[in-house]
Amino acid sequence: MKTDHLIEILSSNIEPIKDERLRKGLMLALVVGGVGAFCVMLGTVGLRPNGPPRLGYLALRLVFTFSLIVLAAMLLARLARPGQSAGRLLKVTFIPFLVIVAAGATAIGLQGPMGLGKMLFGMNWMTCLVCIPLFAVVPFLALTWFLRNAGPTNLRLTGAIAGLLAGALGATAYAFHCPDDSVPFIAFWYATMIGLCSLIGALIGPKLLRW
Amino acid sequence: MGVTSAEYELRALMLASRNGDAAAYRSLLEKLSAQLRGYFKGQLSRVNRGAAEAEDLVQETLLAVHTRGHTYDPSQLLTPWVYAIARYKLVDYLRRTRISSKDVAISETDELSAPDDRGQVESNLDLSKLLAELSPKLRRAIQYVKLEGLSVSEAAHRSGMSESAIKVSVHRGLKALARSVSREEKA
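Residue numbers (this note's numbering), protein chains in the order written: chain A, 1 to 211; chain B, 1001 to 1187.
Bound conformation, chain B alone (with noise of 0.2 angstroms):
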């Protein structure tokens, strides 16, 4: 198979959010959820697992994607990149969750599976139990930054923290973040 135009669309939106580009970056995310909720979805149905753990995997993929964005070579295709996160989050699962990896097919395409359904089902995971399992200072970080939508020196303003800092703790934040969520779907 070619490389197809989606490959192109995505990765063009990559680099872009690579610059720093907040619209693509969000554009990107929610393309490539639409394609991971299809793929999470047609291989939890073989294992008989339901839309909520689909979910569950669609947001720890996006975080991976996120908190690793720095592994993607830009030289690369990007699909193949975020296929083996998803494909690697999707094994760790069914080890934590002691079903047999062998299930998951070795697929070497570089297409995730067609487009589902839109980012409105709610998953497992709980973000105010997630913020609170932070230290104040990476929860504040988030809050401001993330969730009240402040400008980093606004945020640093508010908290008599660095600009530096604060783009430090966002950063340290969300990777806490992903990390408890690899360990909250283990119930």
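Next up, chain A with everything else stripped away, as it sits in the complex (with noise of 0.2 angstroms):
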């Protein structure tokens, strides 16, 4: 094929490209991704078994996962258009783990390590470890869709980043099941589990993002 027909082809009857597209379809995997993460929590384990949450632990929780949420889909944004780096943001997103392990590590100093054991592992330390990497696969999946559909050009770094969006919409959904009221428990495991699953984005990223 030569070159000339190729752009013959694709210039004839060209269609305008609207400015907010890239940023509808990471809204709509998101919506996606966060329904989807939501509805298995329903269809697995269900709300908290124990009762209504204290408020201010489920409020700890969801103000860890949202600024991780806004972070990472801020940063998605950007890695998913080719040649746009991602920046100071990067070093952002670290700082809602620094401050949440700080919080955790305070909790255990001002209880004293007697109740480390109760406080770190807590009820169902191992529904945790499950479950929010199960709940971050459908908005993974989501994402993955809206990123092939883009231009990544950083892959390692775009699945680390998808992967750490999808480990903190899953761990927003596993919040209103979360049974465990302790700092250190939210500090530890959620951060680790969502650490886990920008890994694991990481890992797969340069294989499934590839276009």
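By construction, these hints were calculated from the structure, which means they are not laboratory data.
Treat the hints loosely; a few may be bogus.
Pairs of lysine-lysine, DSS-like flavour, derived with a Cα cap of 30 angstroms [to be verified]:
id, chain 1, residue 1, chain 2, residue 2
1, A, Lys207, A, Lys91
2, B, Lys1137, B, Lys1167
3, A, Lys2, B, Lys1031
4, B, Lys1041, A, Lys2
5, B, Lys1175, A, Lys2
Between beta-carbon pairs, the in silico distance windows are [as the list claims (entries may be wrong)]:
id, chain 1, residue 1, chain 2, residue 2, range
6, A, Trp125, B, Ala1006, 53 to 61 angstroms
7, B, Glu1163, A, Val99, 47 to 55 angstroms
8, B, His1171, A, Met74, 26 to 34 angstroms
9, B, Ser1045, A, Trp125, 55 to 63 angstroms
10, A, Leu58, B, Asp1073, 34 to 42 angstroms
11, B, Val1047, A, Trp125, 45 to 53 angstroms
12, B, Lys1031, A, Trp125, 54 to 62 angstroms
13, A, Met74, B, Val1047, 34 to 42 angstroms
Virtual Cβ for every residue (Gly too), placed ideally from N, Cα, C.
Each chain sits in its own coordinate frame; assemble them with the hints.
The structure is reproduced here in structure tokens:
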């Protein structure tokens, strides 16, 4: 095929391109992913079994996960475009992790090491371990769909941020089940599992997001 | 390096294309293909690859520019966007064909390499073979709108599909084409 022929094909009868298409695609992926994660939560472990959560702890979980969702979504909006780098925003993304780990360490410091095991492992750290990555699957698929239609050029970093975002959405859904009201528990398990999702994203990103 | 006159011209063409100006788009793709050809030839000559491979990459990049047009941020420069796609496609190609990507310079320059010859070199891509891989619906939409040059409403009338279905099919068809081009070159 001659390139002139290809140009003729591509340039005949073209459609206008809307500026907001990329942003809309990301929003759609977030909504589908978020709703999907919530439905998987309801369909498997269900809402919190031991009565409505104490507001302060639910707020702590949600502030942590939502700050990650906002930061990671802003990063993905950049990384989805060819040639755009993550910039300073990448470093800012570590702040929620540092804050929650500091809060967890403070809580342990205040309580003393006596209750450490109970604080850290709570009632069901195993459920948390399984649920957050499980709930992250639908968001990750939705984000993969979005990214494959976009043009990321740093696939490993993009995969890591997509994994982080999916993990944060999964953790948000899990927050409505999580029966453990303990700052160290939230700090340790939520941060670790979201980090694990990010790592998985970084590992499979280069293969999965290729275009 | 400041923003060059080439960047101004290409960006103006891109912005007009985004509003549906086909002539501007054609001119943009022609200018880009000349610059891309120079870029790919220069890069490939360092790993002992020839003109046909360069032409494959020019066409793959043009298809990517077309199907990923919505990833261009109109408030940004155009050349770095095109260059990022070209470099991505080159690295991907070298990985596919198992040549070390270490040989590709990570250049920060905003400028693509100098223009080269015209678009008369045959690439290794066979359009009819690529089209044959598409589903009949997508193939027909591309056939009517892109090859026979029918308008969307004419194509809709002739195929019995709705106009929006035609538009979607053309878009999907080109994306599928771009995908199979990336696979095709593996050999």
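Hint-by-hint comparison with the structure:
Taking the CA atoms of A:Lys207 and A:Lys91, the gap is near 25 angstroms; set against the 30 angstroms cutoff, the hint holds. Pair hint B:Lys1137 plus B:Lys1167 holds up; C-alpha atoms about 12 angstroms apart against a cutoff of 30 angstroms. With a CA separation close to 15 angstroms, the supplied pair A:Lys2 and B:Lys1031 stays within the 30 angstroms bound. About 16 angstroms separates the Cα atoms of B:Lys1041 and A:Lys2, which keeps this hinted pair within 30 angstroms; it holds.
Among the hinted pairs, B:Lys1175 with A:Lys2 is consistent with the structure: their alpha-carbon atoms are about 19 angstroms apart, no more than 30 angstroms. A beta carbon spacing of about 59 angstroms between A:Trp125 and B:Ala1006 agrees with the range 53 to 61 angstroms that was offered as a hint. Separated by about 52 angstroms at the C-beta atoms, B:Glu1163 and A:Val99 satisfy the suggested range of 47 to 55 angstroms. Between B:His1171 and A:Met74 the Cβ separation comes to about 27 angstroms, which falls inside the hinted range of 26 to 34 angstroms.
At about 58 angstroms, the beta-carbon gap between B:Ser1045 and A:Trp125 stays in the expected band of 55 to 63 angstroms. Our hint of 34 to 42 angstroms for A:Leu58 and B:Asp1073 holds, since their Cβ atoms are close to 37 angstroms apart. One distance hint, 45 to 53 angstroms for the beta-carbon pair B:Val1047 and A:Trp125, holds here, with the actual separation near 52 angstroms. Separation of B:Lys1031 from A:Trp125 is about 60 angstroms and conforms to the stated range, judged on CB atoms against 54 to 62 angstroms.
Checked against the hint of 34 to 42 angstroms, the C-beta distance between A:Met74 and B:Val1047 comes to roughly 38 angstroms, which is consistent with it.
The structure fails none of the hints (numbered hints given earlier).
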